[in-house]
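**Student:** Next come the chains, spelled out residue by residue.
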Amino acid sequence: MKTRIDTRFEQLKIEGRPGLVTFVMAGDPNLEVSQEILNGLPVAGADLIEIGMPFSDPMADGPSIQLAGQRALKGGQTLTKTLAMVAEFRKLNNETPIILMGYYNPIYIYGNEKFLKDANAAGVDGLIIVDLPPEADDELCIPAMDYNINFIRLATPTTDAERLPKVLENTSGFLYYVSITGITGAAAPDPDRVGKAIAAIKAKTDIPVAVGFGVRTAEQAADLGKGADGVVVGSALVSVILDNLDSDGNPKAGTARAVHALVEDLASGVRSVKH
Amino acid sequence: MSKPIEPNSFKTGPDEAGHFGIFGGRYVAETLMPLILDLEKHYTDAKNDPDFHAQIAYLNKHYTGRPSPLYFAESLTEHLGGAKIYFKRDELNHTGSHKINNCLGQILLAKKMGKTRIIAETGAGQHGVAAATVAAKFGFPCVVYMGKTDVERQSPNVFRMKLLGAEIVPVTAGAGTLKDAMNEALRDWVTNVEDTYYLIGTAAGPHPYPELVRDFQSVIGKETKEQMMEAEWRLPDMLIASVGGGSNAIGLFHPFLDDKDVEIVGVEAGGLGLEGDEHCASLSAGKPGVLHGNRTYLLQDDDGQILEGHSISAGLDYPGIGPEHSYLQETGRVEYVPIMDTEALEAFQLLCKTEGIIPALEPSHALAEVVKRAPKMGKDKIIVMNLCGRGDKDIFTVGKALGIEMETE
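Chains as they are written, first to last, in our numbering: chain G, 1 to 275; chain V, 1 to 409.
In short, the hints are calculated from the structure, not lab data. In this text, all values refer to a predicted model and were calculated from it rather than measured experimentally. Among the hints, a few may not be true.
FRET-style restraints, in silico, Cβ to Cβ [to be verified]:
{"no.": "1", "chain 1": "G", "residue 1": "Lys204", "chain 2": "V", "residue 2": "Leu235", "range": "53 to 61 Å"}
{"no.": "2", "chain 1": "G", "residue 1": "His275", "chain 2": "V", "residue 2": "Ser155", "range": "53 to 61 Å"}
{"no.": "3", "chain 1": "G", "residue 1": "Asn250", "chain 2": "V", "residue 2": "Asp301", "range": "23 to 31 Å"}
{"no.": "4", "chain 1": "V", "residue 1": "Ser9", "chain 2": "G", "residue 2": "Asp138", "range": "21 to 29 Å"}
{"no.": "5", "chain 1": "V", "residue 1": "Tyr58", "chain 2": "G", "residue 2": "Asp160", "range": "31 to 39 Å"}
{"no.": "6", "chain 1": "G", "residue 1": "Ala84", "chain 2": "V", "residue 2": "Met406", "range": "48 to 56 Å"}
{"no.": "7", "chain 1": "V", "residue 1": "Leu272", "chain 2": "G", "residue 2": "Ala84", "range": "29 to 37 Å"}
{"no.": "8", "chain 1": "G", "residue 1": "Ala199", "chain 2": "V", "residue 2": "Gly165", "range": "41 to 49 Å"}
{"no.": "9", "chain 1": "G", "residue 1": "Tyr147", "chain 2": "V", "residue 2": "Ser9", "range": "52 to 60 Å"}
{"no.": "10", "chain 1": "G", "residue 1": "Ala84", "chain 2": "V", "residue 2": "Leu274", "range": "27 to 35 Å"}
{"no.": "11", "chain 1": "V", "residue 1": "Gly399", "chain 2": "G", "residue 2": "Asp243", "range": "42 to 50 Å"}
{"no.": "12", "chain 1": "V", "residue 1": "Gly403", "chain 2": "G", "residue 2": "Arg90", "range": "57 to 65 Å"}
The list that follows gives simulated cross-link-like pairs (lysine-lysine, DSS-like), each with its CA atoms no further than 27 Å apart [said to hold, decoys possible]:
{"no.": "13", "chain 1": "G", "residue 1": "Lys114", "chain 2": "V", "residue 2": "Lys287"}
{"no.": "14", "chain 1": "G", "residue 1": "Lys2", "chain 2": "G", "residue 2": "Lys202"}
{"no.": "15", "chain 1": "V", "residue 1": "Lys115", "chain 2": "G", "residue 2": "Lys166"}
{"no.": "16", "chain 1": "V", "residue 1": "Lys111", "chain 2": "V", "residue 2": "Lys41"}
{"no.": "17", "chain 1": "V", "residue 1": "Lys41", "chain 2": "G", "residue 2": "Lys74"}
{"no.": "18", "chain 1": "V", "residue 1": "Lys148", "chain 2": "G", "residue 2": "Lys166"}
{"no.": "19", "chain 1": "G", "residue 1": "Lys2", "chain 2": "G", "residue 2": "Lys274"}
{"no.": "20", "chain 1": "V", "residue 1": "Lys11", "chain 2": "V", "residue 2": "Lys41"}
{"no.": "21", "chain 1": "V", "residue 1": "Lys47", "chain 2": "V", "residue 2": "Lys148"}
{"no.": "22", "chain 1": "G", "residue 1": "Lys117", "chain 2": "V", "residue 2": "Lys287"}
{"no.": "23", "chain 1": "G", "residue 1": "Lys74", "chain 2": "V", "residue 2": "Lys137"}
{"no.": "24", "chain 1": "V", "residue 1": "Lys287", "chain 2": "G", "residue 2": "Lys81"}
{"no.": "25", "chain 1": "G", "residue 1": "Lys226", "chain 2": "G", "residue 2": "Lys204"}
So these bits of chain G aren't anywhere near chain V, every CB distance computed over 12 Å [stated by the list, open to error]:
{"no.": "26", "residue": "Asp131"}
{"no.": "27", "residue": "Asp160"}
{"no.": "28", "residue": "Gln220"}
{"no.": "29", "residue": "Asn244"}
Think of the CB as a built atom: it goes at the ideal place given N, C-alpha and C, for glycine as much as any other residue.
When you get a sec, could you build the whole thing from the sequences and use the hints?
**Tutor:** Rendered as C-alpha cells:
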C-alpha cells in the first residue's frame, strides 16, 4: 500500500521540483510551542516533516540538535507524547508525510510491535533510526512493513558501490543521502560532489533521494535540490528556536512564527528549481 | 527474563553478527558501518597472523612488563581468616593498570589499517593514559575525550596524558562523565572516518570491539591460570573483579568460563546504594537496551533515556556494561554484585595498611567483595582478585572522602 511519502514524491515529480523536508525536535522548546511549530509547517512550505524523538545520547548529532533534545527532555517529552503530537497534527492535515527520526533505545523500551502499531495509528508514515543499520533489519525495518511504515535509510559518503545494495535492500519511501561525513549541522556540503554521489545512487534505484546535513539557506537548498528529490533542513530550524529563548530558557512570543518564516524562505529555494 | 538453557561452552561468542546471546551487535550510524566491517576484517586477519601475536607478546613482555605477578596476599589472608587470597597484579603494568594490554593490541591494528590519528574516551583517565602512551610510542597524534567532571577529579592523569602529547578535550554535555565522553568520541569518529582509529577502552561498543578488547585483555586470565597451577597445582575456587565497562573482568574471567568449578563474581559500583539513582550497577539494577553500538544492560528510565550513574570511582562510572557480561549474567555463569562507595573506601584503606599496596578505587570495589567472602570460606579455598590498577590517581578523591585536606599545588 502506498504511504503518504510515496504519494508526496509522486506529486513533486509532477510539479517537477524537489521537496522541502523539515526537521523539528518533538517537545522543543516545550510541548505547546512544538505542536504550534509542527502544525504550521505545511502552510509555511514543508513538503515532508521529520520529527525528532529526543534521546539522552544523540551520538550522530551536532550541538544544535543535541541541545534541542535536551530542551525537550527537560520539558518532560517522552515517546508517548511524541506520538500524541503526530495524532494531533493529523486532525488538521492528512496529506503531509510524517517521519519520526531518532535512536533505537526509546523504541526498544517502548516495545517494537507496540510502537509500530501506535505509530501507525497516530499517522506516522516513516522512520529514520540512526543506529539501526541494514544488518539489524529484522528488529524494526522488516516488521514496519506490516504496518505500512516506510523505513528510510541513510546513505553517506562512506557508502561505496559495494555497500550501496545493502543499504538500498529494504529501504522504502526515500533514501536520505547524508551530504558529509560527520554530525548534523556541521560543515556545508559541496554541491558538485553531492550531485555526483546522488547521480551514482539514482543509477541503482528508482526510489526518491533526499539530501541533508549542513543545509542552512534557501540558496543551498536550491543548489542541492537540482539533483535531488528532496532537501532536508534540521539544525538551521532548531537554531531559530535557540535564538528565540529568553534568559530563563523559555520561548519568546512568536517563536513558532520565526521558525515558519525560515521554512517559507527555504521553500522558495526548492520551489525555484525546475527538474 | 527466563534463564536460557546452559550452553556447552560459555566461550563461543560472539557469533558472526557480534552477538553474545541476545546481547552485543552493531548498532551504529551508517557512516561508521563500513569502518566497523573493515576493522572486523583486519582483526580476523590479525588473529590468524602469528607475526601479530609475536609483536604483542614482545611488547607485553618488554614494554608493559608482563607477566604481571600473581601475588599471595599473606597478611590480608591472615587478617580476614578465611580463604587464601591472591592478587593478579596488573597495577604493576607500565601506565599503572590493565588498560595498556588492550591499547597495545589496538594500536597495532590501527597501524595495520593505515590509520594516522587516534581518538579515545576515558573515565578515570587510566585508558586515556594508556592510549596516549601507545600513541606516543608509535608516533600517532592522539585526542582523548574526557568528561569535564572527570577532568576535575582525575587531574593527575590529565597531566600525564598531556605530558605524553595527547590533546584532552573536556566534554560538557550531560553530566560530563564517561558516557558523554564516548558520545563525543563517536561524533569525532563519524566526522573523521578517513584517517581516524577509535581506540575504545573497554569491552563494549559495536562488534568487533567487545571481542577484540576481551581477547587483548585475556592475557590476564591466561597468565593467572598458568601461575596458579605453578603456585598451587590447581585452579582457584573463585575469581573476583570489578566491572565498569568490564574489560579487566572479562580479561580475567574468559579463560576460566568453561572451568565449571571456578566460581566467578563481578563487582559493580553500588555508589550510594541501589534504592536511588546514585549508583552504576547496570546489571543489578538496569535492563537491556541499546547504547553505544551494542545491546546490553543499561541504567535507563521508562522512556529509554539513559541515566547518569554515580560512583566514587570514575572508572566504574558508566551506565552500561560490556555485552558479554550481560550474557554471562543471563546464563548465570557469573554472579554480579554491587559494592557501595563506603565499602570500597574501607577496602582501599585496608589494603594500604595490610599489604602496603595503594589500589585504585576500581579494584577496591572487588576487594570489598573479597573482604565479605573470604572469611566465610575455608582456609583451603583460594580466591584470585584482579588488582587491575594502582591508586596514585585516586589519593585526592580518597582524601576528600575522608575529610583530609591536601596541598595540590
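**Student:** Does the structure keep V:Lys111 and V:Lys41 at a Cα separation of 27 Å or less?
**Tutor:** holds (14 Å)
**Student:** Is G:Lys117 within 27 Å of V:Lys287, Cα to Cα?
**Tutor:** holds (23 Å)
**Student:** With a cut-off of 27 Å on the C-alpha distance, tell me whether V:Lys11 and V:Lys41 pass.
**Tutor:** holds (21 Å)
**Student:** Look at the Cβ atoms of V:Gly403 and G:Arg90 and judge whether their distance stays inside 57 to 65 Å.
**Tutor:** For V:Gly403 and G:Arg90 the Cβ distance comes to about 60 Å; the hint holds.
**Student:** I want to verify a distance hint. Is the separation of the beta carbons of V:Leu272 and G:Ala84 within 29 to 37 Å?
**Tutor:** holds (36 Å)
**Student:** Between V:Tyr58 and G:Asp160, is the Cβ distance one that fits in 31 to 39 Å?
**Tutor:** holds (36 Å)
**Student:** Below or equal to 27 Å on CA atoms is what counts here, so check G:Lys226 against G:Lys204.
**Tutor:** Answer holds: G:Lys226 to G:Lys204 is near 19 Å, not above 27 Å.
**Student:** Is the distance from the Cβ of G:Lys204 to the Cβ of V:Leu235 consistent with 53 to 61 Å?
**Tutor:** Once the Cβ atoms are compared, 57 Å apart, the range 53 to 61 Å for V:Leu235 and G:Lys204 holds.
**Student:** Assess, step by step, whether the Cα of V:Lys41 is no farther than 27 Å from the Cα of G:Lys74, and give holds or violated.
**Tutor:** Cα-Cα ~42 Å, so violated.
**Student:** Is 27 to 35 Å a correct range for the gap between the Cβ atoms of G:Ala84 and V:Leu274?
**Tutor:** Between G:Ala84 and V:Leu274, where Cβ atoms are some 33 Å apart, the hint holds.
**Student:** Take the C-beta atom of V:Gly399 and the C-beta atom of G:Asp243, compute their distance, and say whether it sits inside 42 to 50 Å.
**Tutor:** holds (45 Å)
**Student:** Starting from the hint 48 to 56 Å, judge whether the C-beta atoms of G:Ala84 and V:Met406 obey it.
**Tutor:** Given a distance of about 54 Å, which is inside 48 to 56 Å, the answer is holds.
Checked against the numbered hints given earlier, this structure breaks hints 9, 17, 18, 21, 23, 26 and 27; the rest are met.
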